[in-house]
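Novice: What follows is each chain in one-letter form.
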Amino acid sequence: DQQVKQNSPSLSVQEGRISILNCDYTNSMFDYFLWYKKYPAEGPTFLISISSIKDKNEDGRFTVFLNKSAKHLSLHIVPSQPGDSAVYFCAASSVQGGKLIFGQGTELSVKP
Amino acid sequence: DTGVSQNPRHKITKRGQNVTFRCDPISEHNRLYWYRQTLGQGPEFLTYFQNEAQLEKSRLLSDRFSAERPKGSFSTLEIQRTEQGDSAMYLCASSLAWDSPYNEQFFGPGTRLTVL
Chain A
1 DQQVKQNSPS LSVQEGRISI LNCDYTNSMF DYFLWYKKYP AEGPTFLISI SSIKDKNEDG
61 RFTVFLNKSA KHLSLHIVPS QPGDSAVYFC AASSVQGGKL IFGQGTELSV KP
Chain B
1 DTGVSQNPRH KITKRGQNVT FRCDPISEHN RLYWYRQTLG QGPEFLTYFQ NEAQLEKSRL
61 LSDRFSAERP KGSFSTLEIQ RTEQGDSAMY LCASSLAWDS PYNEQFFGPG TRLTVL
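Chains as they are written, first to last, in our numbering: chain A, 1 to 112; chain B, 1 to 116.
Just so you know, these hints were derived from the structure itself, not from any lab.
Model, not experiment: these values are computed from the prediction.
Warning: the hint list may mix true and false statements.
Simulated restraints, written as ranges between beta carbons of each label pair [said to hold, decoys possible]:
1. Leu96/B to Ser74/A: 27 to 35 Å
2. Pro79/A to Ser66/B: 43 to 51 Å
3. Ser12/A to Glu68/B: 42 to 50 Å
4. Lys14/B to Ser109/A: 36 to 44 Å
5. His72/A to Glu68/B: 33 to 41 Å
For each residue, glycine too, the CB sits at the ideal point set by N, CA and C.
Given the sequences, and given the hints that come with them, work out the whole structure.
Specialist: What follows is the structure, given as structure tokens:
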């Protein structure tokens with residue numbers, strides 16, 4: 001069963017506009033949620049995370065929102081830049097320091 | 001170099017052969033994780049270590065797969081009698097348990113395995 005789902009395989013956004021990437025999960029035991037960015041031929045790079053006791057975390061252009069009642073999180077990138085074009089994965093963990101469960105990824109394309 | 005390194009970066013083998021991959025984590029990271037990623041999917045957990053102890057192993061990991069971290073530093077992942085379905089990117093990650101409340105794991109570049 002897919003415990004973490006990213007239902008949009010791709011997203012195209014104009015440079016300077018907002019990018020919103022969505023992620024849904026089914027396991028209510030998840031306590032930590034993370035976003036990773038991946039370029040081709042490289043490993044995933046950590047972007048931003050949030051714990052279940054918060055509903056928002058912000059780091060520069062990146063903001064993650066968590067809606068526990070809906071089991072939904074989203075990543076907002078404002079303003080979007082061409083260098084943001086990559087595959088974005090959301091991941092979740094129920095144990096601090098434990099395994100991560102990843103979604104399928106969303107490929108973001110930011111056009112100049 | 002302070003990142004996670006993996007060797008080899010690419011491996012092509014024939015069905016039935018054994019292969020071994022190596023991962024060197026970030027210095028002082030006591031947790032080390034192995035994941036597998038196939039095309040169009042996110043990384044899938046295989047196993048992880050705290051120091052030299054293997055703490056969890058995925059049910060998806062068949063008996064043909066074995067991982068070790070003998071001295072709590074580098075780790076090896078061996079696949080015996082490879083099958084075409086083993087073709088994937090094998091990713092290693094490391095973290096310092098309790099260092100962060102968010103459980104960030106730092107990934108290496110991966111080893112791409114192709115089984116012919």
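Novice: All hints are to be evaluated individually against the structure, with a verdict given for each.
Specialist: The hints, checked one at a time:
A hinted range of 27 to 35 Å for the beta carbons of Leu96/B and Ser74/A is consistent with their spacing of about 28 Å. Between Pro79/A and Ser66/B the C-beta distance comes to about 48 Å, which sits within the given range of 43 to 51 Å. At roughly 44 Å, the beta carbons of Ser12/A and Glu68/B sit within the given window of 42 to 50 Å. Between Lys14/B and Ser109/A, the C-beta spacing of about 38 Å keeps the proposed range 36 to 44 Å intact.
Between His72/A and Glu68/B the Cβ separation comes to about 39 Å, which falls inside the hinted range of 33 to 41 Å.
This entry satisfies every hint, going by the numbered hints stated previously.
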